[in-house]
Amino acid sequence: MAGDLFEDLPPLSAPLTSANGSAVTPTVASAAPPPPQPSLPPPPPPALKSALKRSKPPAESQPKTSAPEKRLRFKTTTDASEMQVIEAMQKIASHIKNIPKFSKASKLVLQLIQAGSVKPATSGHFFAILEAAMSSLTTCNEPSVRADYHELFSAVQDTIECLSKKQQNMITTWTMRAVVANDLFTDDSFVFSKATGRIKEAISNLPVATEDDDVEEAACLEEKTEAVNEDAPTGNKEESDPFGLDALIPSTSKIDDKSKGKRVTLAKARKGEEEEETKRFLRSQREALISCLEIAANRYRTPWCQTAIDILVKHAFDNISRFTSRQRDAIEKLWASVREQQVRRKQGKSVSGKLDVNAFEHLQAKYATEKISIRRAVGGSGDRKCQQWLG
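The sequence shown runs contiguously to residue 391 in UniProt numbering.
In case anyone wonders, no lab produced these hints; they're calculated from the structure. Keep in mind that a hint or two might mislead.
Stated by the list, open to error - In the EDC-like style, the derived pairs of lysine to aspartate or glutamate whose C-alpha atoms are separated by at most 16 Å in a straight line are:
#1 K194 <-> D183
#2 K165 <-> E275
#3 K166 <-> E277
#4 K104 <-> E161
#5 K166 <-> D213
#6 K101 <-> D158
#7 K200 <-> E275
#8 K97 <-> D158
#9 K279 <-> E332
#10 K119 <-> D158
#11 K119 <-> E161
#12 K314 <-> E332
#13 K194 <-> D310
#14 K333 <-> E294
#15 K200 <-> E294
#16 K333 <-> D310
#17 K279 <-> D213
#18 K119 <-> E142
#19 K200 <-> D310
#20 K166 <-> D318
#21 K166 <-> E340
#22 K165 <-> E273
#23 K314 <-> D329
#24 K314 <-> E201
#25 K165 <-> E277
#26 K279 <-> E201
#27 K333 <-> D318
#28 K346 <-> D310
#29 K279 <-> D183
#30 K165 <-> E274
#31 K166 <-> E87
#32 K107 <-> E161
#33 K200 <-> E287
#34 K314 <-> E294
#35 K165 <-> E276
#36 K279 <-> E217
#37 K119 <-> E82
Since this is a predicted model, take the numbers as computed values, not measurements.
Just need the whole structure built from these sequences, with the hints factored in.
Take a look at the structure:
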């Protein structure tokens, strides 16, 4: 009984009040701060680490701003000088005439075109290469070099601005022979139709031929036949003046004549050169178109080519007035041959003259003469050959 009755009870929730009514806060001894926990060591690295996982670099090693690094670059190609390009073109021109060497030489020409080496300063030597390649007008249609000629003259179109008007006319004619004519040998009907369309367009652009064109064509043929005999008079001239000094010694009368009519002569010469060049271009263009028509006519045996060839030859025959008299005869023969083939096709005959029949018509003609019995198990002759076939 002498002990404290409230010893085991919890403390009061309400604050204690003193005798004068003021609240009294009990003073509790502040507990000591807990001791700091020892820092744990870092975990050991895993025993197995993926080979594909890359360790993350520390943040300090990463630069905040990446400055552009300077790299040392070596120049692997050298720009050829103008003299080197000219020497290369001269060497190519001497080899491109040979058919066995044409494929390799044309690849070198393509490299010059792609490198931009064809410029007005080198256009003369570049044209000499093309002139040597087309020294024979029928070589470009040979099967061994047909694709190389097509590729070469297709790429030449990118450099035509560097050439003169006369050179551009020559390239237009050569393109008709090397590109359009070679497209007629294709197995693609779309390419063949496109080539015939270009030929028809070129025929429509020709002017009407005149009698002067016939005379000039005959004179041109005579010049080609007499070209062999031109060396004889030149030899006598060289013997009389071996060093060519007479042409270098001017006379007073010639100087006076030149000073008087210099302007008139230059104007007439320019006009005459332009007219002569136009006539030469039209003459070569007509010859190239006749060559294309002959190549197309030789492919008439191919069935899918026949319709396009009919339209092409018919267009040439309708515009026959645009060709010379000798070329008109060739077009008339082509048109007569095409009409004959058209009549044969309407009669059911092919180009070879045989009847053009399909498989059904062939079997129909075969079994028309066979004896087939209406009975089930016997043949027409009674040998019972149909029994095994009918089961």
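Hint by hint, here is what the structure shows:
1. K194 <-> D183: 9 Å, holds
2. K165 <-> E275: Roughly 13 Å separates the two Cα atoms, so the pair holds.
3. K166 <-> E277: 7 Å, holds
4. K104 <-> E161: With a Cα-Cα distance of about 25 Å, the restraint between K104 and E161 is violated, given a limit of 16 Å.
5. K166 <-> D213: Answer violated: K166 to D213 is near 19 Å, above 16 Å.
6. K101 <-> D158: Given that 16 Å is the threshold and the Cα spacing comes to 24 Å, the pair is violated.
7. K200 <-> E275: Cα-Cα ~25 Å, so violated.
8. K97 <-> D158: 23 Å, violated
9. K279 <-> E332: Status violated; Cα separation ~24 Å.
10. K119 <-> D158: 11 Å, holds
11. K119 <-> E161: 9 Å, holds
12. K314 <-> E332: Holds, because 10 Å separates the two Cα atoms, which is no more than 16 Å.
13. K194 <-> D310: 15 Å, holds
14. K333 <-> E294: Holds, at roughly 10 Å.
15. K200 <-> E294: 14 Å, holds
16. K333 <-> D310: Holds. K333 to D310 sits at ~13 Å (cutoff 16 Å).
17. K279 <-> D213: OK: K279 and D213 at ~8 Å, within 16 Å.
18. K119 <-> E142: With a Cα-Cα distance of about 31 Å, the restraint between K119 and E142 is violated, given a limit of 16 Å.
19. K200 <-> D310: 12 Å, holds
20. K166 <-> D318: 30 Å, violated
21. K166 <-> E340: It is violated: about 41 Å lies between the C-alpha atoms, which goes past 16 Å.
22. K165 <-> E273: Roughly 12 Å between the alpha carbons, so the hint for K165 and E273 holds.
23. K314 <-> D329: Holds, at about 14 Å.
24. K314 <-> E201: Between K314 and E201 the Cα gap is close to 13 Å, so the pair holds against 16 Å.
25. K165 <-> E277: 9 Å, holds
26. K279 <-> E201: Cα-Cα ~19 Å, so violated.
27. K333 <-> D318: Status holds; Cα separation ~14 Å.
28. K346 <-> D310: 14 Å, holds
29. K279 <-> D183: 27 Å, violated
30. K165 <-> E274: Distance of about 10 Å is within 16 Å: holds.
31. K166 <-> E87: This hinted pair is violated, its Cα atoms lying about 24 Å apart.
32. K107 <-> E161: 21 Å, violated
33. K200 <-> E287: 14 Å, holds
34. K314 <-> E294: Given pair K314, E294 holds - Cα atoms ~13 Å apart, limit 16 Å.
35. K165 <-> E276: 13 Å, holds
36. K279 <-> E217: 10 Å, holds
37. K119 <-> E82: Between K119 and E82 the Cα gap is close to 10 Å, so the pair holds against 16 Å.
Violated hints, in rising order: 4, 5, 6, 7, 8, 9, 18, 20, 21, 26, 29, 31 and 32; the structure is consistent with all others.
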